[in-house]
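Each protein sequence line maps, in turn, to chains A and B.
Every number in our numbering is 5 more than the matching position in the first sequence, counting from 1.
Every number in our numbering is 5 more than the matching position in the second sequence, counting from 1.
To be clear, the hints were calculated from the coordinates, so they are not data collected in a lab.
Hints may be right or wrong, so weigh each one.
No distinction is drawn between identical chains; accordingly, a pair holds when it is met within one copy or between any pair of copies.
[Unchecked claim] Only pairs whose alpha carbons sit at most 25 Å apart, straight line, appear in this in silico SDA-like list of lysine to any residue:
#1 K316 with A68
#2 K316 with R81
#3 K221 with E201
#4 K316 with R413
#5 K114 with D287
#6 K114 with S69
#7 K316 with D287
#8 K316 with P78
#9 K221 with R417
#10 K316 with R397
There are 2 protein chains.
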Amino acid sequence: MTAASVIATYIIETSLPLARAAEVLAGEQSTGTFVRVERESDDVRARFAAQVESLEELPLTGASALPGTVGDPAARRRARLRLRFPLDNFGPSLPNLLAAVAGNLFELKELAAIRLVDLELPPAFAVRYAGPQFGVAGTRALVGRPSGAMIGTIIKPSIGLAAEDLAEVVGELAEAGIDFIKDDELQGNNPYTPLEARVKAVMPVLERYADRTGRKPMYAFNITDDIGRLEANHDLVVSHGGTCVMACINMVGLAGLEFLRTHAEVPIHGHRAMLGAIARSDQIGISFRAWQQLARLSGADHLHTNGISNKFYETDAEVLDSIAAVRTPLLGLTSTVPVLSSGQWAGLAHATYAAVGTTDLLVLSGGGIHGHPDGAAAGVASMRDAWASAERGEPVDAAYASSPALRRAAERFGPVRV
Amino acid sequence: MTAASVIATYIIETSLPLARAAEVLAGEQSTGTFVRVERESDDVRARFAAQVESLEELPLTGASALPGTVGDPAARRRARLRLRFPLDNFGPSLPNLLAAVAGNLFELKELAAIRLVDLELPPAFAVRYAGPQFGVAGTRALVGRPSGAMIGTIIKPSIGLAAEDLAEVVGELAEAGIDFIKDDELQGNNPYTPLEARVKAVMPVLERYADRTGRKPMYAFNITDDIGRLEANHDLVVSHGGTCVMACINMVGLAGLEFLRTHAEVPIHGHRAMLGAIARSDQIGISFRAWQQLARLSGADHLHTNGISNKFYETDAEVLDSIAAVRTPLLGLTSTVPVLSSGQWAGLAHATYAAVGTTDLLVLSGGGIHGHPDGAAAGVASMRDAWASAERGEPVDAAYASSPALRRAAERFGPVRV
């Protein structure tokens, strides 16, 4: 037994008095049922009940109430609620933690909005969960890039590239000096280019390049599949000299990621596909800021955050908050590499660097590299030029003047962001 | 290579022309990137592109657009979209299927609403995934209840009951003739009453009862935990004579459930805690109707659907649709038992039976049994009386007249629903 606790932060909206809604939520997620039952002593309530730590009213946003919400709409109010759960209610088990802080509560009809937006976890979780094995330093060491932004790309088209074409693309990217290449999240283990065929096509190319140059770009093979296949998939990659495996975290589950971590000998590239289903709404779900803690504890060495000016729904402010969240120290764990992707190209380097102030990043450019007017090599050069310039503190104009690859990129992808 | 395909049905809302939005979604989830790239041949597009199968405009609901939505609000329209994905894009792998039909698409800023609401899967999935091992018939055989609704309850208080008190409650419930008892989803493996202590407290009571009566009520021990612990947790239950394990599906992940299934020797009770995070909104996420197919393929013998008049957000119509969904045959799999819970008591039996027309159900009553004015035994009797009466086709009045336990239940829980 310990006095340690977890604090979960929620955004709620309700027509109940706010304090009453907070109690309903706390009760449902700790000791409650819809009638008080035999043997539910005051002692049990005192020991196990979640406690309201703070409750701060927020302005309404005007967003629609969740379906099934009860109560007078005119009485609705929004608040930030922090609940303290005794750790002993679940112990330092991530799946059992989730049942308490993110279980049935989303279904409470008293709540017109209910989002888990942050977590404060006690050290016991870092005792039980090892977290990232490689992180920033381990990834830098493996790719041979001790400083500067790590530049990567995604194999496109997402699916359908024959193994021999894949090998050719990878060879070109290696020659262009890329640090990192990844499978698309849609490229799993399809019969046209199964994982084994990809590994056997890609790794000889990278090994030959490494023999010649001493530097082996990291290829993140998407090994996402049933839990029972993850170990074999991982071993296939490693046995051919691969230095990274990619898992779609929401497809194998956070628990599946953690399972993979216990077996992994190379960094785990954590893809966040499907996160929008829980993270996008303002009214329901789980924020990236809360979720990324679980992914890091579960062992993600790299974690997708999106990048600024991306093609998805998030504002730059949200993306920057996600990057900051991943870079916030967590219980002494090895630091996870934020992965910037979606619509990324060289012209975003200065604006990104100005906002995040670090190059401990993996910046992925798909179309921005493959679609560069002068080909992938020029695409990589444009990214590297721009990031180096940004890190040197130069204005955008200087980079533009000194990098032909950046200028050509801008012809295709639009003006460089300041 | 096969010509088999998956059809995914979505609800979308967008300011783009509907047909254009459908293409964006199909492209993003199969071959697309934001610029057309080298080697993305027409042949690749033709082979791998998702195809619009049907597109049907729906009335707008008035719900707020998702955050980050672009486009003229006045141009917004809502539609039901069916997309056909070639099975070969991912193969019959549930995690890789999800990346295609439920991946990055939730983040598309062109979509003001995006929900995956149904799936049509080809037989290949049932070749790879065994589905439920016990289902309705296997559960009935294990609990010794060949016909009629199976009546169960949840241990309350959710957490905090000492092992000796738990044993006492279980003994009372067994004597009362209950078929099924489950841990609360909040009761995982906490240090106060860890799984092992619960197993060792409960099973001797049930074994003694079984020795005397020949009938062993099923106790669903919540074994939810890290993937690496599921097998040992399961084995602990089975080695003490337990006949059911419960997993919170969203906490171990669908992939974790499937992993457990490959090892399980007893029915898996599938709890849906956290489903509201993806299922509740009208604007984003995954419907129960789509999700339950994945849970059944992954091996859930029992699956929570809620019940009518429940304390959560769903309307009776939604609950009944969920029950119908679980009872709809799926690729020849053994049928999963729908689990009705939340606010359930004897007075809901007639209305439920009238709507669902079957007793192949597990009906859980927590407060409605533990909180019965005459105690748990009377609570069980009230449930059994009411369901038997409903199945006999009697009107509610007849049940009320013939069952003192039902009459006493109604005094506490309100009028019987007709």
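Status of each hint after checking the structure:
1. K316 with A68: both (23 Å within a copy, 24 Å between copies)
2. K316 with R81: between (34 Å within a copy, 19 Å between copies)
3. K221 with E201: Classified as within: same-chain Cα gap 19 Å, cross-chain 48 Å, threshold 25 Å.
4. K316 with R413: Within one copy only: 21 Å inside, 61 Å across.
5. K114 with D287: The answer is both: 17 Å in one copy and 14 Å across copies each meet 25 Å.
6. K114 with S69: both (14 Å within a copy, 18 Å between copies)
7. K316 with D287: both (19 Å within a copy, 23 Å between copies)
8. K316 with P78: between (35 Å within a copy, 19 Å between copies)
9. K221 with R417: neither (30 Å within a copy, 72 Å between copies)
10. K316 with R397: So K316 and R397 fail the 25 Å test inside a copy (28 Å) and across (59 Å) alike.
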